[in-house]
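K.L.:
One letter stands for each residue in the lines below.
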Amino acid sequence: MFADWPLLSLLVWTPILGGLVVLLAGDHGGAQGAKRLALIFSTATFILSLSLFTGFDNSTSAMQFVEFYPWVSSFSINYHFGVDGISMPLIILTAFITVIVVIAGWDVIKTKPSQYMAAFLIMEGLMIAVFSALDAIFFYVFWEGMLIPMFIIIGVWGGPNRVYATIKFFIYTFIGSVFMLIAMIYMYYQSGSFSILEMHNLKLSMDEQFWIFLAFLMAFAVKVPMWPVHTWLPDAHVEAPTGGSVILAAIMLKIGGYGFIRFSLPITPDASHMLDWLVILMSLTAVVYIGFVALVQNDMKKLVAYSSISHMGFVTLGLFIVFMIWENPANSNLTGAVLAVEGAMIQMVSHGFISAAMFLAIGVLYDRMHSRNISDYGGVVNTMPVFTAFAVFFAMANVGLPGTSGFVGEFMVILAAFKANFWFAFLAALTLIIGAAYTLWMVKRVYFGDVANENVAKLNDLNAREVLIMSLLAIAVLILGLWPAPLIDVMHASVNNLLHHIAVSKL
Amino acid sequence: MTLDALNISIAWPEIFLLSMTCLLLVVDVFLKQSQRNASYLIAQFSLIGSLVLIWMNMSGQRAEAFNGTFVVDPLADILKIFICAVVALVFVYSRDYLKDRNIFKGEFYVLGLFGVLGMMLMVSSNHMLTLYLGLELLSLSMYAMVAFNRESGTSAEAAMKYFILGAIASGMLLYGISIVYGITGSMNITDIASSLIKQTEMNIGLIFGLVFLIVGLSFKLGAVPFHMWVPDVYHGAPTTVTSYIASAPKIAGFAIIIRVLVEAMGSLHNEWQGMLIILAVLSLAVGNIIAIAQTNLKRMLAYSTISHVGFILLGLLAGTKAGYSSAMFYILVYSLMTLGGFGIILLLARAGFESEELSDLKGLNQRSPWFAFMMLIFMFSMAGVPPTVGFWAKLSVLSAVIEIDMLWLALVGVFFSIIGVYYYLRVIKLMYFDEPIETAAIDNTPGMQIALSFNGLIILLLGVYPGALMALCFSVFAV
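Top to bottom, those sequences are chains A and B. Each number in our numbering comes from the position in the first sequence (counting from 1) with 1085 added on. Each number in our numbering comes from the position in the second sequence (counting from 1) with 191 added on.
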């Protein structure tokens, strides 16, 4: 029904302008007006984003819903939007999670709720724009602009050490991205255009590819984040308010993975091939080592933050293992590589739901007890049975229990890794054990056993609002886990096209 | 010689401004202190009048007057329009501040207008003497303005320092001019250029002259290692004067660099490129690193200015059309953002309270969310974070440098701008994350508040749509 509308522009600007309206609504009368407006705008954006799905043509890998207008003529930078099967699911994920975040912050945020809601709405628009921009500088503007609301969110509504965390977050990401900017400008002088699709077809020498790949790696590895540049994430997560953690884990990390798919692999295929060992090494370190780090955390949020890094290791592993799969003579066709990349994509979407749910579950506890320490809890199931049911379900999804979305992506990536190298697959599969260990151990200590202290005894179970957000996420996790086919169908053509593209050397 | 040969008509904006300033000088004497607003209005009328005259006389052509000593070209028109507009904003911002300190006097406007006249002469100079005349008119006005608050010891000290260092710089510049005159036999910029093109051999005397010229210009612009006066003068001068010094004169400084280095000595590009590289890298490094240690907002902005000068020099040294236009874009954008930054200080200042320490900004978001947001825009723009216009300024300079295959210089540029991000973020941290110490309401006149909001929104709008201004900057260079 929205087929001939400039859908992507609407998706980007509705929340941004909505955010400004919410700002103007202000905090009068407990900010009820501002909150309702925020809910209306975010829901409207989500409904609009669904029409991306209904109007999407699965059979082509070409960009769809394309909008193209000249923007800055001196540098031939264009207002160029378009989505393919890789970006479209992430846009819907963004719109969905923002609705959840708005509902989750409803009663919880007491200081300046209108600014809080506005920041999330504006960030939603910027993130959707990042996923749909097809012009490198256009992409960069939103990529950097996105930092501003997040900086404010962590800094204003965060925990006691928020200033350190938010400045670290900003500077880390900024360092990574300026080198990407230099790489983009360099390619502009090679190709005469900032169009990402033209950069895909730009011939580059091995030397050029090498440096461009490293510049992109700096930007995206920080964002994912990959070991060893992950250290900003636990700080940012611990200090951020629940909504900030949810957006960080569910969407922002995905932007790093998306960057690898949109920039690194197709623009510098030969350098990606040459340096794939580096990325695989970093990914496997994340999966195994960070998994062990998660095991020893006392802070629930930190534990989930490390678990996020570990799970995102699967994404980068899936993306860069394709070259090794090709090198293995047993795989003559693309099937194994397709499995790897699609597994990485599903892992991204699934982790978006699961990490959001995990952080929201911690948020539920934190709002009641104002503590994130595992040792302050115990026996929560006795006082909050409904909540515990949800929490245990999401924990199982985090572990990768079959039937939940967590299983599908990890399983596909491990399967693909087998086609490359047994030991890679073995190391990756270790996460099923380590992940189970840290997640279930936390579940045991927090939720089960006897009631640990009188604070836990006084806990109230979920209210209707919390049940609503938890159920929405649980449904999403279940659907994706039991029936991932629609998602795979959507991305299949684009993934195939990507793999055909990177299989051809640019030299 | 008839009047026609002088081609006096293209200098109407300057003539108008001079007449109005003299009129103001006379009228102001007869005004009572309660009628001082009239001086302010006359000053604003003069600026807007000359702006309109420049606008109406814009022909898009190059024209010379006064025997080729005075030139009007598209570059001059655009820079002059910006100078008038920026100074008009400075005057709007200044009024409350001056009244609160009992220095709301006509002399401030007279000196300010003479300074504008000097800047317009610099921008339009096609002769070393015109250039020097304009520069001295500006500098002398600024020396007096820095010492404008007679009661203040720091102002007097700053003025003294500024005067002595400025005089040395002028001397250097004059010496450079005389050497160039000795070699080329002319002080007319067009003639110098044509004479230098004929020189095929490297002339050591010429290099000497060039060095003196660059040293003189760097002093005026505040590039490292000739930056020592900048923090002290910015700090010591009344904030109104600082906002004046930090904004418009930089545009004029850019103009004389274009006139001297590009138009007159363009054929020596290889020689001055190396010198500018040193100045640019040092300015970027010193400006950004020392700014971190500052606790005074005016000093921090002074060091930030030094680092911006480094970026502008990066654009200039590229020596291409893209480079010059990127530097011009940068300087115009810079003058608007730095004006906004000082505007916020002026907004928060009140009688007996300067509000110039960083800690005075604490909790601004709780006192005034709107102006905290404006300051956020200014700071992110200075840091070069999109979607503000500062990002486009940095982007165009970097791309000009990359275009001439000086990738390492671009990397140096971004490296130091990463360091720069830290101290801009700290300002935002103070405004948004800390509890306010000051709780006094912001009670400035609506005019100032509207002008400041306008200034901030311009930064944002130019950030969303930078194309027009970029194209304008690109169109004025013929190279």
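Some hints could be false.
Below 30 Å or equal to it, Euclidean Cα-Cα: the simulated DSS-like pairs (lysine-lysine) are [said to hold, decoys possible]:
1) A:LYS1197 <-> B:LYS620
2) A:LYS1197 <-> A:LYS1591
3) B:LYS290 <-> B:LYS512
4) A:LYS1543 <-> A:LYS1529
5) A:LYS1195 <-> B:LYS223
6) A:LYS1387 <-> A:LYS1288
7) A:LYS1387 <-> A:LYS1195
8) B:LYS512 <-> B:LYS389
9) A:LYS1288 <-> A:LYS1253
10) B:LYS352 <-> B:LYS290
11) B:LYS389 <-> B:LYS290
12) A:LYS1195 <-> A:LYS1591
13) A:LYS1197 <-> B:LYS553
14) A:LYS1288 <-> A:LYS1591
15) A:LYS1195 <-> B:LYS296
16) B:LYS296 <-> B:LYS389
17) B:LYS620 <-> A:LYS1387
18) B:LYS620 <-> A:LYS1253
19) B:LYS553 <-> A:LYS1253
20) B:LYS553 <-> B:LYS512
21) A:LYS1387 <-> A:LYS1591
22) B:LYS389 <-> B:LYS352
23) B:LYS512 <-> A:LYS1288
24) A:LYS1197 <-> A:LYS1288
A few chain A residues facing chain B, derived, Cβ under 10 Å [unchecked claim]:
25) TRP1228
26) GLY1243
27) LEU1380
28) VAL1381
29) ASN1506
No lab work stands behind these hints: they were computed from the structure. The beta-carbon is built from N, C-alpha and C at its ideal position, and this holds for glycine as well.
K.L.:
Of all the hints given earlier, name the ones this structure violates by number, lowest first.
P.N.:
2, 3, 5, 6, 9, 11, 12, 15, 16, 20, 21, 22, 24, 27, 28 and 29
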